[in-house]
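Protein chains: 2
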Amino acid sequence: MSDSPLTVHVPLDAGRAYDILIGRGLVAEAGARAAALGARAAGIVTDETVAALYGDRIRGSLEAAGLRAGLIAVAPGEASKSYAGYAAVCDGLLALKIERGDLVVALGGGVVGDLAGFSAATLRRGVRFLQVPTTLLAQVDSSVGGKTGINSPLGKNLVGAFHQPRLVLADTATLDTLSEREMRAGYAEVAKYGLIGDADFFGWCEANWRGIFSGGPERDEAVAICCRAKAGVVVRDEREDGERALLNLGHTFGHALERLTGYESARLVHGEGVAIGLALAFRFSARLGLCSGQEAGRVANHLALAGLPTRLAQVPGGCGDADALLDAMAQDKKVRDGALTFILARGIGQSFIAPGIDGAAVRAFLEDELRAG
Amino acid sequence: MSDSPLTVHVPLDAGRAYDILIGRGLVAEAGARAAALGARAAGIVTDETVAALYGDRIRGSLEAAGLRAGLIAVAPGEASKSYAGYAAVCDGLLALKIERGDLVVALGGGVVGDLAGFSAATLRRGVRFLQVPTTLLAQVDSSVGGKTGINSPLGKNLVGAFHQPRLVLADTATLDTLSEREMRAGYAEVAKYGLIGDADFFGWCEANWRGIFSGGPERDEAVAICCRAKAGVVVRDEREDGERALLNLGHTFGHALERLTGYESARLVHGEGVAIGLALAFRFSARLGLCSGQEAGRVANHLALAGLPTRLAQVPGGCGDADALLDAMAQDKKVRDGALTFILARGIGQSFIAPGIDGAAVRAFLEDELRAG
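Top line first, the protein sequences correspond to chains U and R. Reading the first sequence from the start, the letters are residues 0 to 372 in numbering that gives the first Met the number 0. Reading the second sequence from the start, the letters are residues 0 to 372 in numbering that gives the first Met the number 0.
What the simulated footprint calls covered on chain U by chain R, stretch by stretch (three residues with Cβ under 8 Å from a Cβ of chain R suffice, anywhere in the stretch; the number is not a length):
| hint | region |
| --- | --- |
| 1 | 90-98 |
| 2 | 116-126 |
| 3 | 141-151 |
| 4 | 159-169 |
What the hints contain is simulated information worked out from the structure, not anything from laboratory work. Note that beta-carbon positions come from the ideal geometry of N, C-alpha and C, so glycine has one too.
Make a model of the complete structure from these sequences and hints.
Now the structure itself:
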């Protein structure tokens, strides 16, 4: 086992508590960790890109620990998070004879984690699963908290389950192979935690973000801080009846932009949509008199310094007019009874859930944003 | 509301307790019951046969109670319990704009209940659902207990979720429109409850089964007794870590027969497979010296009197040889680590879980059964 991975404990009830381990080299420990959970077989779910990089290493680790291991690789990208991808993964796991006491191992980014997690949640009505996130976004966000699912033609993440992993192994060395663009996209979610409820962490990010990108000790520290923040929210509100919605800061705008760009990652990836969404959420908050324009500016400046987009005009190919944006937002699953719910902020680190936001005010704001270019 | 439906309470924890109401005319009460749960919209999932019989009535009841209601009808039969059927139902519910506070209403037999229940379990990561079972099999078995799911090309019910309904409305008048064959198939599950753990009820069935078929008060009483038995097991072992497996009495053989007949209902329906399986389980128990041959004979005689098959030779088109049967059983999801687990009996009402049964003994028994014709 590695010397000293950072550990974040997620103290859920009913035997569902688990640890998130954060450190360099954890992929090679997957076998020993899986064996310690009493599993006899593991079905590794990954994508073709990650399989080429880490497939042999994780499979070797599992087999060396005495587990029967097989690997299922889907095509990289959001298109695999579909009904067809789900059927292929479930049938692949069944063909590997994964039984109730065995493990599904999700090796990859958010798409793989969501897809493998949902397959684990429903295969034989539920088998245990291990998250081995290999992107910054997955390490700080999607691998923690038990949200799993796939996309419907009618919208993203509309079908899924709450299914907590038994363990998360965040091997921060895997981020060395990420593209700059993927690192930046994940970094939008890192900054988000500061913006939601931890102004000190946002300040720390402003001072230390380069270390996160370059793989210094700041990287592990940032991942641990984000996971601790997320774990706290998840334990208090596992099924998003309340507080957990705060994690959607920047996401109502961001999801709309993803929808309007057809989920084409060549145009916009999730984290880029979130970065624009974060900047918009703060500027909209400032416009409503909730926070200062100076703070909204500080948010956008830091995201831009890290190489992230912060304005609608930066969406390649454009994103339509204010009505198109509003329509795309109204389809978001967080809409209740037709009312628009936003996460807004009274300042950096002071976000709150704002239900019943007036559509006309949003439209006027978006029109000004589009005019400003 | 109807005068006095029989009520069986299922006292699950964490706010998941629910009632099963049993009586004639309950379909027309669905609206008032759904409104009492605070739902504002309902997505009715059914099949084309049931839609023609009760679709307008349930929709009218829901709309009269102030709910927005839409209906999704799948093709009748097991083939709808597929990945494709699941995607169609989920997307249909999304198109009806069913949100987290709304209800999915499963109106139909076991296929509809399992498919609609799994869709409800996973739509937006879980919406509430109402079971309105319209077959005897669904009323006494599949609508109670929260097992939902679909079939994979690799086997039946291999993908699914535990998701408890908020209410079960067992309208026993709907059974008046069932074919004799469907009534008999459901009756195999009724008799099963006596055989598992209630010798008195089996005796009562021997005396009163005709009243169940003809729609006398015995029907409601039998459904209530079965639901009470199932509810007890489910509350003690919701996720089938132990005792719940008793409900599979007759099912290891039965599932194998369904598999070997290609799930063609023209050849064999689930309840017919279970009837043969119950008779086999008792004869196998007698052969192992666990119960008397006289009791095994009593079981088979009663099932035969009710018009059910009890011998392998009665499978239309045949079921292959002993090896084919063993192979089909070994694929059953209740197999753990390759060992065959059976539910056997020390007598009527004295069933127990028997893990680690020797394949050679099973093969010898099946060979004799096939020879006997």
